[in-house]
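Enquirer: Residues per chain are reported as follows:
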Amino acid sequence: MDARRAVTVWSALAFAALAVFVASLAMGSVPMSPVRVLHALVSPGNDVLDEIVRTLRLPRALGGFASGALLAMAGALLQVLLRNPLAEPYVLGVSGGAAAFALAAMLFSMSWWSVDLAAFAGAFLSILLVLGLARRELWRGEPQDASPRLLLTGAVIAAGWGALITLMLAVAPENRLRGMVFWLTGDLNGVAMPWPALIALLVALIAIVPAAPQLNVLLRGDMAAEALGVRVVRLRLRVYLVASLAAAAAVTTAGTIGFVGLVVPHVLRLAFGNDQRMLLPASALAGGLAVMGADLIARTVIAPAQLPVGVITALIGVPVFLWMLLRRTR
Amino acid sequence: MNSLHVNRLTLRAADRVLIADLTQTFAPGEMWCIAGPNGAGKTTLISALAGLSKDASDAISLDGRALKEWRSNDLARRRALMPQAAHDAFSATVLDTVMLNRFPHLTGWGWESNADRAAAHAALEALGLASFASRDVQSLSGGERQRVSLAATLCQDAPLLLLDEPLSHLDLHHQIDCLEVLSEWIEANNRSVIFSCHDLNLARRFATHALLLDGAGGSSAGLVRDVLTPERASVAFGYPLTLIEQDGHEALVPVMRSISR
Numbered sequence: 000m001d002a003r004r005a006v007t008v009w010s011a012l013a014f015a016a017l018a019v020f021v022a023s024l025a026m027g028s029v030p031m032s033p034v035r036v037l038h039a040l041v042s043p044g045n046d047v048l049d050e051i052v053r054t055l056r057l058p059r060a061l062g063g064f065a066s067g068a069l070l071a072m073a074g075a076l077l078q079v080l081l082r083n084p085l086a087e088p089y090v091l092g093v094s095g096g097a098a099a100f101a102l103a104a105m106l107f108s109m110s111w112w113s114v115d116l117a118a119f120a121g122a123f124l125s126i127l128l129v130l131g132l133a134r135r136e137l138w139r140g141e142p143q144d145a146s147p148r149l150l151l152t153g154a155v156i157a158a159g160w161g162a163l164i165t166l167m168l169a170v171a172p173e174n175r176l177r178g179m180v181f182w183l184t185g186d187l188n189g190v191a192m193p194w195p196a197l198i199a200l201l202v203a204l205i206a207i208v209p210a211a212p213q214l215n216v217l218l219r220g221d222m223a224a225e226a227l228g229v230r231v232v233r234l235r236l237r238v239y240l241v242a243s244l245a246a247a248a249a250v251t252t253a254g255t256i257g258f259v260g261l262v263v264p265h266v267l268r269l270a271f272g273n274d275q276r277m278l279l280p281a282s283a284l285a286g287g288l289a290v291m292g293a294d295l296i297a298r299t300v301i302a303p304a305q306l307p308v309g310v311i312t313a314l315i316g317v318p319v320f321l322w323m324l325l326r327r328t329r
Numbered sequence: 000m001n002s003l004h005v006n007r008l009t010l011r012a013a014d015r016v017l018i019a020d021l022t023q024t025f026a027p028g029e030m031w032c033i034a035g036p037n038g039a040g041k042t043t044l045i046s047a048l049a050g051l052s053k054d055a056s057d058a059i060s061l062d063g064r065a066l067k068e069w070r071s072n073d074l075a076r077r078r079a080l081m082p083q084a085a086h087d088a089f090s091a092t093v094l095d096t097v098m099l100n101r102f103p104h105l106t107g108w109g110w111e112s113n114a115d116r117a118a119a120h121a122a123l124e125a126l127g128l129a130s131f132a133s134r135d136v137q138s139l140s141g142g143e144r145q146r147v148s149l150a151a152t153l154c155q156d157a158p159l160l161l162l163d164e165p166l167s168h169l170d171l172h173h174q175i176d177c178l179e180v181l182s183e184w185i186e187a188n189n190r191s192v193i194f195s196c197h198d199l200n201l202a203r204r205f206a207t208h209a210l211l212l213d214g215a216g217g218s219s220a221g222l223v224r225d226v227l228t229p230e231r232a233s234v235a236f237g238y239p240l241t242l243i244e245q246d247g248h249e250a251l252v253p254v255m256r257s258i259s260r
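Sequences listed follow chains A and B, in order. Heads up, the first sequence is in numbering that gives the first Met the number 0, so the first residue is 0 and it goes up one at a time. Heads up, the second sequence is in numbering that gives the first Met the number 0, so the first residue is 0 and it goes up one at a time.
Derived coverage of chain A by chain B (criterion: at least 3 residues anywhere in the stretch with Cβ under 8 Å from a Cβ of chain B; other residues may be distant): (1) 79-87; (2) 219-226.
Using C-beta positions, here's what the derived DEER-type ranges look like: (3) A:131 with B:168: 38 to 44 Å; (4) A:148 with B:168: 24 to 30 Å; (5) B:182 with A:3: 38 to 44 Å; (6) B:171 with A:15: 49 to 55 Å; (7) A:131 with B:175: 51 to 57 Å; (8) B:114 with A:18: 37 to 43 Å; (9) A:18 with B:133: 29 to 35 Å; (10) A:233 with B:229: 46 to 52 Å; (11) B:204 with A:148: 38 to 44 Å; (12) A:233 with B:234: 39 to 45 Å; (13) A:134 with B:133: 38 to 44 Å; (14) A:3 with B:246: 55 to 61 Å; (15) B:130 with A:18: 41 to 47 Å; (16) A:134 with B:171: 45 to 51 Å.
Calculated directly from the structure, the hints in this document are not laboratory data. Here the structure is a predicted model, which is why all the values come from computation and not from measurement. The C-beta atom is built at its ideal place from N, Cα and C for all residues, glycine as well.
Bound conformation, chain A alone (with noise of 0.2 Å):
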């Protein structure tokens, strides 16, 4: 991998995007021309079609876009801190706490942006619950292999919002039940509010692209990595933050949308290598392409009624994932 292929990894997928973009404002149950698009993003009239675009598919393609581009990076970012392939956004807890959050205050049919506070504030509570169990590990600790028992942490307080959310799902009243699935499942229905995922995502770029050749000698052990002059205690508190608040960031747009954390980073590996350098964009691109296009999908194929696009993302990606593993092996 050198910096022009990477370049040129990054410009194809950045070009799909904005592919999938257009088509996302283009299509739906009002169709129009890409032109048209154009013109009610550039001068915008009272028109019902201007209408559409700037306020429902717009916000919806770019939350869509962020939250994909977020999940993909944190995943990516957490199979580099654990060492461990199957390492993925929610891994570490960080869902499980926004969603047992945002489900108490559906219970209590508050309204829509309490519930996107209300997940904020549980993937927090929860990252401040990782940060202080594993204190040893991320901030304290020696130069020693931490991922073991850095991941159990994670892996347990995750299992313990888990239960919260099958007790608060067993006690919903049936009327809510449903709004509580999509929540879970990933849904961009409804948003309004993109921007703040999109700045968030910014942020996330700037904080971890920088360090992206740390992040490489990472992977060969933290003494290894130590002895080549990264701090590597330092470093793992500043992935584990980055990693953290982009899964938050993501989960509270669009609820906790599955496959893609975890995936997008495989499938950009096995197509272009293991190089953080180009894989840290290279997912934040992908990621947003796929929650994007699986969220198109979500909402016409069985148009006027809408699926999760959590769903969506799943059914294409396993079949997708495993035609590219497998065919590797071989």
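Model the placement of chain B on the given structure of chain A, informed by the hints.
Expert: Showing chain B alone in chain A's frame:
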């Protein structure tokens, strides 16, 4: 001046003293073997010498400066460490894996230059791994991984090598090849090697000096033939050894239980 100096170093594991009050200078041009029984503190000592142990880095100095005063990047260009085991959770080519050790030399946006790539190829070449460059590290055998790790350490281009059991998993032929590569590598100015090893005979043949740990805090250091003697090794390893000689070749061998009685 250009040496690694240990001044009254004490190393502990939990409440057990591994090394008590060690004072020793490792000078350029010397190839040191650290020997001793399991759990005697060889790995602990090597990582302390690399500056990875906070408690010990006061007592150890390199080029006249205490290890803890070194900037981590400068230190990484001055000494290279080969840990006992490396992780490879994800697939990567051998070349990319070896090139990771160019990290201390990266500039700008952190992409390798052609010089870094050439250094990695040269290191692979030196260890007879040139044809492995595009192989996946996950497909390698234990011994091949070990040689890839050694190539990575060499390509870091640091004058002091600290190698933790570089010969483990290697067959005899490759053990000797690696030691010959190191003996040749050390010829250049100001280079030195410190490695831990369980094969006392290879150590006697290739190392210039030895540090023998007894696992109870004691140690003896000096020219390899003065330290790895049957008497001292017998005491350190807790098993009687004898030196046999044939046609100018020497070997330390364990005494048969029945004869030793």
